[in-house]
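Colleague: Chains X and C, in that order, give the protein sequences.
In terms of our numbering, the first sequence opens at residue 1 and continues consecutively.
In terms of our numbering, the second sequence opens at residue 113 and continues consecutively.
None of these hints come from the bench; they were simulated from the model.
Hints are supplied without guarantee of correctness; some may be wrong.
Unchecked claim - So the derived label-pair ranges between C-beta atoms look like this:
| id | chain 1 | residue 1 | chain 2 | residue 2 | range |
| --- | --- | --- | --- | --- | --- |
| 1 | X | GLY41 | C | PRO114 | 34 to 42 Å |
| 2 | C | ASN140 | X | LEU75 | 26 to 34 Å |
| 3 | X | SER20 | C | VAL136 | 35 to 43 Å |
| 4 | C | ASP175 | X | ASP78 | 47 to 55 Å |
| 5 | C | GLU115 | X | SER40 | 33 to 41 Å |
Computed from a predicted structure; not experimentally measured.
Glycine included, C-beta positions come from ideal geometry on N, C-alpha and C.
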Amino acid sequence: QKEVEQNSGPLSVPEGAIASLNCTYSDRGSQSFFWYRQYSGKSPELIMSIYSNGDKEDGRFTAQLNKASQYVSLLIRDSQPSDSATYLCAVRSSGGYQKVTFGTGTKLQVIP
Amino acid sequence: EPEVTQTPSHQVTQMGQEVILRCVPISNHLYFYWYRQILGQKVEFLVSFYNNEISEKSEIFDDQFSVERPDGSNFTLKIRSTKLEDSAMYFCASRIDRDQPQHFGDGTRLSIL
């Protein structure tokens, strides 16, 4: 069973701070990694995708990937109350038609 | 920006009845998916569809479920003989090719009474 693990939270950070979200995965052959944001009752919204080791930055978001440690993280700089949501880590499996396996999500609360 | 559209947004059905959930993927996308999310739980893969056939399915996707792309634009999920535990949000997703991320529709909330 290929697993994606996240701390369910809630993670509370003050407005303007850096929020750090972490994810580990079990399938060592996984090639593609995604962070989705999900507001309550809404669908997952893609924030970042990362495919190779290292950092990838997009605005206030930075995704970090370490395949040797099977670890993915998302940093949100200058956190805003509107960032309050559940952040889903998703991993595309190796082989087959590449279904995406989701973690349970980390709930982020940004306190004004 | 093109979107994946799903209808209806909310479906209420009596237990034992059949339901069809509808999706219109982004027009040039080739890979299609259904996921479900039971309230408070994680998003779970149900099935993937490519080249007019099922390419992969999970253990959840048993004989009660079927998918179809009847006309080249719609992508449907049929659930026969619904059960209370089928109550969930059902998300359709699509992507253009193997190397791109999936884009999700807004979902259909299915409530089985």
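Colleague: Regarding C/GLU115 and X/SER40, is the given constraint of 33 to 41 Å on their beta-carbon distance met?
Modeller: 20 Å Cβ-Cβ, so the 33 to 41 Å window is violated.
Colleague: So the hint says 26 to 34 Å: do the beta-carbon atoms of C/ASN140 and X/LEU75 match that?
Modeller: Holds, since C/ASN140 and X/LEU75 (Cβ atoms, about 33 Å apart) stay within the stated range.
Colleague: Between X/GLY41 and C/PRO114, is the Cβ distance one that fits in 34 to 42 Å?
Modeller: At 23 Å between Cβs, range violated.
Colleague: Look at the Cβ atoms of X/SER20 and C/VAL136 and judge whether their distance stays inside 35 to 43 Å.
Modeller: holds, 37 Å
Colleague: Can you tell me whether the CB distance of C/ASP175 to X/ASP78 sits inside 47 to 55 Å?
Modeller: Taking Cβ atoms as reference, C/ASP175 and X/ASP78 lie about 50 Å apart, which means the hint holds.
The earlier numbered hints that this structure contradicts are 1, 5.
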